[in-house]
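The listed protein sequences derive, respectively, from chains S and F. Residues in the first sequence are numbered consecutively from 1, following my numbering. Residues in the second sequence are numbered consecutively from 1, following my numbering.
These are computed hints drawn from the structure, not numbers from a lab. It is possible that some hints are incorrect.
[Claimed, not checked] Label pairs and their computed distance ranges (CB to CB):
#: 1; chain 1: F; residue 1: 192; chain 2: S; residue 2: 194; range: 31 to 37 Å
#: 2; chain 1: F; residue 1: 58; chain 2: S; residue 2: 55; range: 54 to 60 Å
#: 3; chain 1: S; residue 1: 81; chain 2: F; residue 2: 15; range: 41 to 47 Å
#: 4; chain 1: S; residue 1: 81; chain 2: F; residue 2: 22; range: 35 to 41 Å
#: 5; chain 1: F; residue 1: 194; chain 2: S; residue 2: 192; range: 18 to 24 Å
#: 6; chain 1: F; residue 1: 204; chain 2: S; residue 2: 203; range: 50 to 56 Å
Source: prediction; values computed, not measured. Each residue gets a CB set at the ideal place from its N, CA and C atoms; glycine is no exception.
Protein chains: 2
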Amino acid sequence: MRFLVPFEATRPKTRLDPVLDADERAAFARAMLRDVLDALRTAGHDPTVVATRALDEGDVPVAVDERPLSAAVNARLGESLPVGVLVADLGLVTPAAVRSLVDAGRDADVAVAPGRGGGTNGLVVSHPDFRVDFHGVSVRDHLTAARDVGATTRVVDSMRLATDVDEPADLVEVLLHGDGEAAAWLRAAGFTLDAGDGRVGIDRTA
Amino acid sequence: MRFLVPFEATRPKTRLDPVLDADERAAFARAMLRDVLDALRTAGHDPTVVATRALDEGDVPVAVDERPLSAAVNARLGESLPVGVLVADLGLVTPAAVRSLVDAGRDADVAVAPGRGGGTNGLVVSHPDFRVDFHGVSVRDHLTAARDVGATTRVVDSMRLATDVDEPADLVEVLLHGDGEAAAWLRAAGFTLDAGDGRVGIDRTA
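Turn these sequences into a full structure, and let the hints steer you where they fit.
Encoded structure:
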């Protein structure tokens, strides 16, 4: 299946600035992007990166689009159906998690993988009239928009797809459950789990 | 399957004190407990609440045990196998999520449902030598402990099982994805989603 992977290439992951400088955020964001692309390809799909500026991801096609995320995705959604959308900052993604989204997309016109905090981290769209809007409480809005065009819906229950990595606390999940480039990047940068009291945190030793 | 549901009945959910007073925290914690018990029974299982003090949950048996959580669970783990453990503060739990844990437990001696932040929110145990320890990075420790006794393991990928409700930000998930007593309790208490800028928050109007 064709999959669009939107990627903020200009100033990625700004909310990680308490723990990573700008160059590190860019490198870590690229590592997560590669994990997402790898998971999609291992699961048998064809990703295209939709990026805010040119970048080289080897043999993965990159479409440059400076418009806001939703407009850039919607411009490409109707090219062929079904089509998937998966965000680029899933440091825990696996081929099995991708398959759970794609399987849900077989059972409904629009399958949605919620992100933590009301976002949408993945979609599989088979209905020609559905359009995305990633602003606000997008998981709720996407389900409403699907029903408004007469599309059936499914919601995927996956922690790996729900965990987009935005804030320092999210790095705990990558260190615990990630097994790709993003987790390796964090470990090489000196991050370890800090099991102190209460919720587990992160520590940096290098 | 027999399921143990540990419940902190004495001072539940203290980290919600920025948004709920002590009586409200107790009522909300009970609503989540009932959602967990309902999901287990709808999925065909037999829950027993393991509580720090006596409480009445209708026809669900309640065992009172003042020991720390891990000791109270371990004392009952070996009574019969397989046995499940599910934490009581899962405001998003569904019978389908319970089934995903139980299914994983059919494929391995110890199935683990991670909680966000390194915790363990669910277990299905079929190996007689496995014991729990909910302290620290328990999801990692449980997998290690299982392998140490020669048990095979499976990790369940479920956002609904991963989302234990500890902090005010977690209430967003209950309002968005919960459809049981806990979500109804929050709505009746005046909580709504606040879609402002950035991550979705909560608002209280009553």
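How the hints compare with the structure:
| no. | hint | result |
| --- | --- | --- |
| 1 | F:192 with S:194: 31 to 37 Å | 35 Å, holds |
| 2 | F:58 with S:55: 54 to 60 Å | 59 Å, holds |
| 3 | S:81 with F:15: 41 to 47 Å | 45 Å, holds |
| 4 | S:81 with F:22: 35 to 41 Å | 53 Å, violated |
| 5 | F:194 with S:192: 18 to 24 Å | 35 Å, violated |
| 6 | F:204 with S:203: 50 to 56 Å | 35 Å, violated |
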